[in-house]
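Listed in order, the protein sequences are those of chains A, B and C. 304 is the number that our numbering gives to position 304 of the first sequence; each next residue is one higher, with no gaps. 1313 is the number that our numbering gives to position 313 of the second sequence; each next residue is one higher, with no gaps. 2037 is the number that our numbering gives to position 37 of the third sequence; each next residue is one higher, with no gaps.
None of these hints come from the bench; they were simulated from the model. These numbers were taken from a predicted model, which means no experiment stands behind them. From the three backbone atoms N, C-alpha and C, an ideal C-beta is built for every residue, glycine too. Please note that a few of the clues may not be correct.
[Claimed, not checked] Away from chain A, derived, C-beta distances all over 10 Å, residues of chain B:
1) His1047
2) Gly1058
3) Met1069
4) Pro1097
5) His1135
6) Phe1139
7) Asp1173
8) Asn1187
9) Asn1220
10) Glu1221
11) Thr1270
12) Ala1279
13) Ala1303
14) Gly1322
15) Gly1329
16) Gly1373
[Said to hold, decoys possible] Reference listing, derived: stretches of chain C covered by chain B, where coverage requires no fewer than 3 residues with Cβ under 8 Å from a Cβ of chain B:
17) 2071-2084
18) 2116-2128
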Amino acid sequence: MTTNTINESLDEVHHDEHHDHKMTGLKRWLFTTNHKDIGTLYLWFSFIMLLTGGALAMVIRAELFQPGLQIVEPDFFNQLTTVHGLIMVFGAIMPAFTGFANWMLPMMIGAPDMALPRMNNWSFWILPFAFAILISSFFMESGAPNFGWTFYAPLSTTYSNGSTAFFVFAVHIMGISSIMGAINIVVTIMNLRAPGMTYMKMPLFVWTFFIMAYLLIAVMPVLAGVVTMLLTDTYFGTSFFDAAGGGDPVMFQHIFWFFGHPEVYIMILPAFGIVSTIIPAFARKKLFGYSSMVYATASIALLSFIVWAHHMFTTGMPLFGELFFMYCTMLIAVPTGVKVFNWVATMWRGSMTFEIPMLFSIAFVILFTIGGFSGLMLALTPVDFQYHDTYFVVAHFHYVLVTGSLFSIYAGAYFWLPKWTGHMYSDTLSKWHFWCSLISVNLLFFPMHFLGLAGMPRRIPDYALQFADFNKWVSIGGFAFGLSQLIFLAVVIKCIRGGEKAPAKPWDGAEGLEWTVASPAPYHTFSTPPPINEDKH
Amino acid sequence: MSKSNQRWWMGVGLFFTSFFSCSAWSEAQINLTKGVTAVSREVYGLHMLALYICTAIGIVVFGAMFWSMFFYRKSKGAKAADFHESTTVEILWTAIPVIILIAMAVPATSTLIDMENNDNSDVTIQITGSQWKWHYKYFDQNIEYYSVLSTPREQYENHNGSFDGNGVLKGKDYLLEVDKPLVIPANKKVRFLITSDDVIHSWWVPAFAVKQDANPGFINEAWTNVDKPGIYRGQCAELCGKDHGFMPIVVDVKSSADYDAWLTEQHELTAKAADAEKASLSASMSKAELMQLGETTYMAYCAACHQPTGLGLPPTFPALKGSAVATQGTVENHIALVLHGKNMMPPFGKQLSLKEIAAVVTYERNSWGNDTGDLVQSSDVKAASGE
Amino acid sequence: MSNGTAHRTNKPSNSQVIKKLVLVVFAMFGFGFALVPLYDVFCDITGLNGKTNTVAALYTDDGIDTSRSVKVQFITRMAKGIPWQFEPVINEVSVHPGEMKFVNFYAKNISQYDIVGQAVPSVSPGLAAGYFQKIECFCFTQQPLKAGEEVKMGLQFYVDRELPVEINTLTLSYTLYDISGKENS
Chain A
1 MTTNTINESL DEVHHDEHHD HKMTGLKRWL FTTNHKDIGT LYLWFSFIML LTGGALAMVI
61 RAELFQPGLQ IVEPDFFNQL TTVHGLIMVF GAIMPAFTGF ANWMLPMMIG APDMALPRMN
121 NWSFWILPFA FAILISSFFM ESGAPNFGWT FYAPLSTTYS NGSTAFFVFA VHIMGISSIM
181 GAINIVVTIM NLRAPGMTYM KMPLFVWTFF IMAYLLIAVM PVLAGVVTML LTDTYFGTSF
241 FDAAGGGDPV MFQHIFWFFG HPEVYIMILP AFGIVSTIIP AFARKKLFGY SSMVYATASI
301 ALLSFIVWAH HMFTTGMPLF GELFFMYCTM LIAVPTGVKV FNWVATMWRG SMTFEIPMLF
361 SIAFVILFTI GGFSGLMLAL TPVDFQYHDT YFVVAHFHYV LVTGSLFSIY AGAYFWLPKW
421 TGHMYSDTLS KWHFWCSLIS VNLLFFPMHF LGLAGMPRRI PDYALQFADF NKWVSIGGFA
481 FGLSQLIFLA VVIKCIRGGE KAPAKPWDGA EGLEWTVASP APYHTFSTPP PINEDKH
Chain B
1001 MSKSNQRWWM GVGLFFTSFF SCSAWSEAQI NLTKGVTAVS REVYGLHMLA LYICTAIGIV
1061 VFGAMFWSMF FYRKSKGAKA ADFHESTTVE ILWTAIPVII LIAMAVPATS TLIDMENNDN
1121 SDVTIQITGS QWKWHYKYFD QNIEYYSVLS TPREQYENHN GSFDGNGVLK GKDYLLEVDK
1181 PLVIPANKKV RFLITSDDVI HSWWVPAFAV KQDANPGFIN EAWTNVDKPG IYRGQCAELC
1241 GKDHGFMPIV VDVKSSADYD AWLTEQHELT AKAADAEKAS LSASMSKAEL MQLGETTYMA
1301 YCAACHQPTG LGLPPTFPAL KGSAVATQGT VENHIALVLH GKNMMPPFGK QLSLKEIAAV
1361 VTYERNSWGN DTGDLVQSSD VKAASGE
Chain C
2001 MSNGTAHRTN KPSNSQVIKK LVLVVFAMFG FGFALVPLYD VFCDITGLNG KTNTVAALYT
2061 DDGIDTSRSV KVQFITRMAK GIPWQFEPVI NEVSVHPGEM KFVNFYAKNI SQYDIVGQAV
2121 PSVSPGLAAG YFQKIECFCF TQQPLKAGEE VKMGLQFYVD RELPVEINTL TLSYTLYDIS
2181 GKENS
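Using the sequences and the accompanying hints, generate a full structural model.
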């Protein structure tokens, strides 16, 4: 029984090797079941979505460059902010991490591929379909969804502009993709680890994805549920969220955020895993407190289920509700802090070099922590009454998602580009990418803290005069940040096409099974499970 | 230092100098307001406490990082140590944050308990949000009115022009001014009962540290006790559709004596308005009068959705130019629509006087190429209203 | 091949894990929907969202607590688009907990069409909702009014003696909706 699972996949792989001499061209990409190919597809898709969502943000910042409505109508502005959020969350960040999962998980655990390679193909290919539906809504008469990525009822039901059906359909498809991907990750990690790799010997990267996948399986179906209720309320006469029929609009928020809060942890846990891989490599020192890190990650995941109503402090919750959610939310700072301290302890008395992956990882630790500080402030209910739905919140979540998740994605991309492409990336270009991004991202998001404290609400296309100066700087930072991401595009294309040949292990401090195979990694790796050291961790 | 490095640092220095010395800092507010109530001051104190604690933690953690980056670099010959775990340290840096959190949670709890005590108020006011304005009703008084953004359209519609807004200067309280502010007495406990007529809105005045969502079909409570008379401005704080950014809140806090005087004045105004309504029933306005009043009414209340050109923003906001309602349908039908609303269109029966409704219906039926020739009088509106 | 069978643990096969996970997916989807009645139950018990009883409560004669008075305020709101006049006859009463009270509301359909209305109650503070017992309320049923028709509707209620002492004022709000035909509202 015990060797069955590995042999099952081995058989599949051998089968493929014999029967499909690697396909070429379009057929290869459409029908691939290879984890490396699918990883590549996800990564390219997420980058295209990043640029698309970013383009929408550029229009938003252009409108907000000055007070007054210059470029777009308020309703279109609401469509821009809504679709920007949906694309970034479901099209850029989540698929990027899925791309990393596909490329790296099998290699890190010594497996030949993901456990369910054909489902893997479907998981990816329904995504472009979902986003085509979402983006095409811009060109429909009703317009794109304009009710915020959080789509509160009844703005998204009774008072919707007619885009609700397409929105729901797109979200359902994205959800199915995520759920299938998560199941794949769990089964892969559970059953395909090379013999000898016990759970506590897995790289932390694998742990963070494992726990994230469980979160996904638990909460994506709840999103599917709430979005179905939205559909029936809008088109089929139900009254889940309509007081006239005995429903409650606040209940929407409860169900949505029950998904929504774990969702943001889904978007940060893999980042923790990436950074926990890179910092030890460039500090040339093992990750400090491995087991602590595992427990902290699990605690964060568990706690994430009981904090959802901190997004709802102003909805009219009674005192004991507000206190409960305030305390639980503050508690999450503890395991998160533990992780930050462990990274710093890894750096302490290490022997550091500052290649680009390390630069992005260090920037991650500092800037994500700043995002964490604003999060802690937001957790304090009485003060949240002043911060809620202002630019202070916008600053917070962009710090944790952009300088947090996105920077970790860049860190990981640079770290593993040599393994993926067989070439080293251009050092000069990548330095430009890092420094331009670092400076512009802070110019873009830091002043938003001030704007929120000064009283500027979210989701408004025009603002009072006292907010004008900071908005101008923010917009300039936005344009600069957007342009800087094109440098990354240049880095990647250049790296794929050529460059200094990368050895199997270009980073001398790196550890992990992926560095034992050649660069670029062969199409099929670990068809035979590798031996595992006894003394890992 | 090499020349290119020098230039690099000069550039950085120049950037920071210009950034930190620009007008943004002198004019703009960068911190939370202390506000004008005991609660808002407590909230500010809590905010500063959290900020100081986070800054202190930041200095320690980032300090350790920068120290490491400088002293433990391979290029300086640092050799990596080989420790990679310590249960003592893990316990310490779990326990100490918990203690710090408790230090923040205690004052937060007591402030929250204060804020949630809505009882024993002196004045109660019903606040209703709707797309895209606020409605205030004084409980126990027969005073109620709508409060609508009063910034002139030309100031914010800058589409056709250059970035200087067609040369129309924006007023000091751009987007934060209304036609009729909420008036409350200072030094009295004022209780707000907040709800919505359509989607979720949120009533927020930063100077009071009051923010509560306006949920349709449900009421929420909040209270404040302002110690300084003055004008305080806020905004809607929950996305509620296209003009979410255009429904501000203005509160005029008056001394007790001035507030009482204002109440009396309002009662007189209400009585006068009622008389004017009665009088308008027998009066007959000329086409010119109707079209003029109709135009100003239309621009103030209808143009936001149906556009000054009457072309609307289909399909959500239908065009009135050439529409069945304004050209072929009956006048009674048209009046009923304006009075009672339909689907997303709000009812204007309570918001506009009989004269204004008569005028706006006349205007819509005789503008942009619509030429029904219909003239609507206040008495027609009264008849159609069924009251 | 592998590193010593002795170190390996018994793992369920792929399909077993998949079956379990898919079960979790469907269970969580169902949980999302189960949250709807769960929410109602929770709010019923705690009065959290200010919803009061939707079926008539029974009056239990535990006596009247004359040591305290509670102010009960009434407000009404017409939901968008319903052409009715609807207001409380008196907007505030003072009651002793346990004391039965009867108040009237006035409604008139001022439009040219027959309309069916539904009044939806909401109590603030939410915590008081559980102690506000309606014996008879026009909000329990739909209210059809012909064009131009007017009516006085009654509310009979009492405030439970168990009402927490900190609460001295509670407000009952009715929002009136047009439910004649959902497409028309």
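query: Against which earlier hints does the structure fall short, listed by number upward?
result: 1, 2, 3, 4, 7, 9 and 10
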